[in-house]
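Undergrad: The sequence shown begins at 7 in our numbering and counts up by one.
It cannot be assumed that every hint is accurate.
What the hints assert, rightly or not - Computed spacing ranges between beta-carbons, pair by pair:
no.: 1; residue 1: Gly50; residue 2: Asp317; range: 34 to 44 Å
no.: 2; residue 1: Lys338; residue 2: Glu73; range: 39 to 49 Å
no.: 3; residue 1: Pro316; residue 2: Asp272; range: 56 to 66 Å
no.: 4; residue 1: Ser285; residue 2: Ser263; range: 42 to 52 Å
no.: 5; residue 1: Lys140; residue 2: Ser239; range: 39 to 49 Å
Read the hints as simulated data drawn from the structure, not as lab findings.
Every residue gets a Cβ at the ideal spot worked out from N, C-alpha and C, and that includes glycine.
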Amino acid sequence: MVTLKDIAKECNVSFSTVSKALKGSSEISEETIKLIRKKAEKMGYHPNLAARTLRTNRTYDIGVIFEDKTRAGFQHQYFATIISGLHKVAQTHGYEITFTATNLNDDYYNHIRSRNFDGVAILSADYKSSAIKKLVKSEIPTVTLDYYYDNAHSSVMSNNENGEKELVEYVVSMGHSKIAMIHGEDTLVTSERKSSFIASCKAHGIEIPADYFVEAMYNDPYTSAEATNILLSLPEPPTCIFYPDDYSALGGIREISSRGLIPGKDISIVGYDGIMLTSMMIPPLTTYEQNGLAIGQAIAEALISRIENPDPFEPKKEMITGRLLKGGSVVKL
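Start from the sequences and build out the full structure, keeping to the hints where you can.
TA: Listed below in structure tokens is the structure:
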């Protein structure tokens, strides 16, 4: 079994330096930390979790709450990428991640306590529910994704305002003014995107009629297909339709095609997330790529910082910006 002394000998540093580097101590340079961690991984070093748990009174296990209404699970590439980034950083710091049971009603707090998680990453949940609020307000370290409670709690936010604005700017530059929006259910993300969409259109003198807004579920092509049908059946249908996410856009494409229309030729469509699947389409979907990997990494860093430095606690609200991907699904008018 590889020990810290073995790593120290290979790296020609002291035992203490190796120990601090593997913990990510600020006393050690980033360059040295990377060198030692790389060597430790190459040598197959595995920390003695039982001994470390006794020494630190931690389990080195992070709980993950991921409520998924559509049951798409890890098929949703955006969330899969977030989880990948979270897991990678967690492992670098010696932590594992474990998914919690869902739909626990008022028992999230007691469930988390019974599992002895050191902290919890809340990636998808009903943030307004009493169960989640009770957990966030408790002594258990938490970090939320795309929902900010107050200055006492940490969160990582995707820059939804910027994403929607960039999409509108591009679509308007292609000559569109009859722009409709299929948006997700009532969440903070939806509110931010819808507000940015309206404001960005208004900045170009475009007033969006009420019947150009239709609600569907995130990551659900079926409800987006129904919403597309509603929009295309209007007396004056839009020339461009925004979808809540790329996967939902697939339902829209199916409905559009069933009417003998071709996306990117007869009508323009826009997605959100930037998943690989829609980049392989012909034409590729115009969308806004959220930086899921960076988001997951930021969540892990913020949570581990809270776990390992509980006092004084400095809450973080980090905003991660993505990028516009111009596909061929928006035709120039």
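Undergrad: Compare the structure with each hint and give your call.
TA: Results for each hint:
Between Gly50 and Asp317 the Cβ separation comes to about 36 Å, which falls inside the hinted range of 34 to 44 Å. Take Lys338 and Glu73: their Cβ atoms lie about 40 Å apart, and the range 39 to 49 Å holds. Separation of Pro316 from Asp272 is about 58 Å and conforms to the stated range, judged on CB atoms against 56 to 66 Å. Separated by about 19 Å at the C-beta atoms, Ser285 and Ser263 break the suggested range of 42 to 52 Å.
Range check, Lys140 to Ser239: Cβ separation about 44 Å, and the 39 to 49 Å hint holds.
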